[in-house]
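As given, the protein sequences belong to chains B and S, one line each in that order. Position 126, counted from 1, in the first sequence is what our numbering calls 266; the numbers after and before it change by one each time, with no gaps. Position 230, counted from 1, in the second sequence is what our numbering calls 480; the numbers after and before it change by one each time, with no gaps.
Errors might be hidden in some of the hints.
[Unchecked claim] Quick list of the computed label-pair ranges, beta carbon to beta carbon:
#1 S/Leu323 with B/Leu324: 42 to 48 angstroms
#2 B/Pro199 with S/Ser539: 40 to 46 angstroms
#3 S/Leu438 with B/Gly143: 48 to 54 angstroms
#4 S/Leu331 with B/Leu208: 43 to 49 angstroms
#5 B/Leu208 with S/Ile444: 39 to 45 angstroms
#6 S/Ala528 with B/Gly143: 54 to 60 angstroms
#7 S/Ile434 with B/Thr326: 28 to 34 angstroms
#8 B/Trp236 with S/Thr535: 23 to 29 angstroms
#9 S/Ser260 with B/Val161: 50 to 56 angstroms
#10 B/Ser189 with S/Thr403: 18 to 24 angstroms
#11 S/Phe276 with B/Asn175: 49 to 55 angstroms
#12 B/Ala157 with S/Val393: 45 to 51 angstroms
#13 B/Leu176 with S/Leu537: 47 to 53 angstroms
[Stated by the list, open to error] Negatives, chain B to chain S, calculated, CB over 10 angstroms:
#14 Ser170
#15 Thr187
#16 Pro199
#17 Ser238
#18 Thr326
#19 Ile353
#20 Ser367
#21 Val383
#22 Leu405
#23 Thr406
These are computed hints drawn from the structure, not numbers from a lab. Every residue gets a Cβ at the ideal spot worked out from N, C-alpha and C, and that includes glycine.
Take a look at the letters that make up each chain.
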Amino acid sequence: MSGLSRLLIVVGCILAAAPLVLHLMSSVKSTSELNLSPPTLFPHEVTLSNYQALFTKRPFLRYCINSLTVSTLSSLICVAVASLAAYRLARGRGRWRSAIRLSLLVVAFFPPIVYVFPDYEIIQALGLVNHLWGLILPYSALNIPFAIWLLTGSFQQIPLDLEEAAEIDGLTRFQMFRMIVLPLVTPALITAGILVFIFAWNEFMFALTFITIESQKTVTQGVATLSGAFAEEIPYGLIAAGVIASAVPLIIVVIVFQRWIIAGLTAGAVKQ
Amino acid sequence: MKTHRLEAGSFLWFLPAALLLSGIVFYPILRTILLSFAHRSLATGFRTEFAGIDNFARIVTDSRFHASLWTTLVFTIVSVLAEFVIGLALAISVTSIRGGRNAVRAILLVPWTLPTAVTAVLWAWVLNDQYGALNAFLLHSGVTQTPIGWLATPASAMIAIIATDVWKTAPFVFVILLAGLQNIPRDLYDAIEIDGGGAWAKFRYVTWPHLMPFSFVALMFRAVQAFAIFDLVWVMTGGGPGGATETVSIYTYRTYMRYLDFGYGAALAVTTVAILSAAAGGLYTALVSKYERTF
């Protein structure tokens, strides 16, 4: 049993890592080596020319800055806005509260295709097409239901006595929220923030639709269109370098924040 | 316990969320429902004209929509089942070994964290007929004599997008189920052992019932996401070859953005949500009733 388990785990890990390792090796091969058929496994000589091309012939650094800006702001706005509403939901009562929670759950499950066109109309009306705020607004809003759902549970676990004591000390409701309640739910805020960041970083359909100029593109869109710009030959080295360069920040995020990511993903199941 | 009451004006706590949600989520839902009963396209000069149920009548006879719905269903059912079986097998395996759990979990989480569009680029290249690693391996090991055009035939393109989705999201199922397994008290297994039960009895009477809520969340999340699949298909096959991998999201997107038929696009979106809700409701009822029967 234990032998079979080990075998499964090893095979699973190899399958998970192999495509990335293959791309890592391809990304440091020369163009002439990449054009060999059948392809070589290990590079004959290591070159960084593909990465150089990625950052000089294509505005890859710009894509990264755009993605970083969009994801950071979306994550901050979403968590800030959601924490206010989640706190109110956690402390309120009555029938409307479950109605709000249910409707948030329902819209969270709607496929994004439902929103893309009417949101495009709104973003266009606001003059935000080809503007990073045209992505930040929808990303913040679309992740609010998830963030509220995650945070409400954490707020409910804070004992009320604490807030009653603070009230006696003469703090206003908002001061109490900011100075006493929020610090207590920091882990949940970090979890929600990281997951919204990853969701925003990975989003493709809205980016594809709302951004059409190179200088405003995000990483996902940039990598997906790397092959399009060179009609005469498919730039495999460039694509491999793009895949690796866009994967590295996320791999770091996974390694550093693994505990928080797991906590967020499993929150719904554990609470049932 | 006394419930803390909020002072008057407490709706202000909801105001920022309500503003963002009404602009980006609730108004668009309303707008889509209204548009689905209208003609608004290139043909009407982008004027909105009342259409009654024209758009929905068209959906009933639209064979391209039926094909895309079938493709979406096959994709959803096959990939979610495969993800569940693989995720469960890995979660049970990782629980049964000592040590290295965090390292394994970190490696397996990487595919899930990558953007789907990047995953699609990555796999399209692994599956490339001339330069791809898979064909190189198959040719070298003598499994095939001629390179296989994985994304060139309808059946193999479908297998390719399903395999890519499984690669990316089996880790998600794994993480959820692993959390579930770690929640099970060890002494329950000891009790089965004392009663003389084997591995199957442990799985059937302890593991499986405890995993039910976790399985439910994993399956529900995955099924809804798989049904909405867009980026993976868009980047890998564009819905081809010959529309063989066109999902409802891809078809709806094309109707909106390429054919500029906004009324019909809205009707497709409404129909998709209706079918998804019915399916999710059915799945919920089936799983919850099964869950309750277990006890």
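Outcome of the hint check:
1. One distance hint, 42 to 48 angstroms for the beta-carbon pair leucine 323 of chain S and leucine 324 of chain B, holds here, with the actual separation near 45 angstroms.
2. Distance hint for proline 199 of chain B and serine 539 of chain S: a CB-CB separation of about 54 angstroms, inconsistent with the stated range 40 to 46 angstroms.
3. With their beta carbons about 25 angstroms apart, leucine 438 of chain S and glycine 143 of chain B fall outside the hinted range of 48 to 54 angstroms.
4. The supplied range of 43 to 49 angstroms is broken by leucine 331 of chain S and leucine 208 of chain B, whose beta-carbon atoms lie about 37 angstroms from each other.
5. The hinted range of 39 to 45 angstroms is not satisfied by leucine 208 of chain B and isoleucine 444 of chain S, whose Cβ atoms lie roughly 56 angstroms apart.
6. Between alanine 528 of chain S and glycine 143 of chain B the C-beta distance comes to about 45 angstroms, which lies outside the given range of 54 to 60 angstroms.
7. At about 29 angstroms, the beta-carbon gap between isoleucine 434 of chain S and threonine 326 of chain B stays in the expected band of 28 to 34 angstroms.
8. Checking the proposed 23 to 29 angstroms range against tryptophan 236 of chain B and threonine 535 of chain S shows it holds: the Cβ atoms sit about 26 angstroms from each other.
9. For serine 260 of chain S and valine 161 of chain B, the Cβ-Cβ distance of about 54 angstroms falls inside the hinted range of 50 to 56 angstroms, so the restraint holds.
10. Checked against the hint of 18 to 24 angstroms, the C-beta distance between serine 189 of chain B and threonine 403 of chain S comes to roughly 35 angstroms, which is inconsistent with it.
11. At about 53 angstroms, the beta-carbon gap between phenylalanine 276 of chain S and asparagine 175 of chain B stays in the expected band of 49 to 55 angstroms.
12. Between alanine 157 of chain B and valine 393 of chain S the C-beta distance comes to about 22 angstroms, which lies outside the given range of 45 to 51 angstroms.
13. Distance hint check: the CB atoms of leucine 176 of chain B and leucine 537 of chain S are about 51 angstroms apart, consistent with the given range 47 to 53 angstroms.
14. Once the 10 angstroms rule is applied to beta carbons, serine 170 of chain B is consistent with being away from chain S; the minimum gap is 14 angstroms.
15. A cut-off of 10 angstroms between C-beta atoms confirms that threonine 187 of chain B is not in contact with chain S; the least separation is 17 angstroms.
16. For proline 199 of chain B, the condition that its CB be more than 10 angstroms from all CB atoms of chain S holds, with the nearest at approximately 17 angstroms.
17. The non-interface label for serine 238 of chain B is consistent with chain S: the shortest C-beta to C-beta separation is roughly 15 angstroms, beyond 10 angstroms.
18. No Cβ of chain S comes within 10 angstroms of the Cβ of threonine 326 of chain B; the nearest lies about 19 angstroms off, and the non-interface call holds.
19. Every CB of chain S lies more than 10 angstroms from the CB of isoleucine 353 of chain B, the least distance being 17 angstroms, so the non-interface label holds.
20. With a least beta-carbon separation of about 8 angstroms from chain S, serine 367 of chain B fails to lie farther than 10 angstroms from that chain, contradicting its non-interface assignment.
21. Not every Cβ of chain S is farther than 10 angstroms from the Cβ of valine 383 of chain B; the closest lies at roughly 5 angstroms, contradicting the non-interface assignment.
22. Under the 10 angstroms C-beta cut-off, the non-interface status given to leucine 405 of chain B relative to chain S is violated; the minimum distance is some 6 angstroms.
23. The claim that threonine 406 of chain B is not at the interface with chain S is violated, since a C-beta of that chain comes within 10 angstroms of its own (minimum 4 angstroms).
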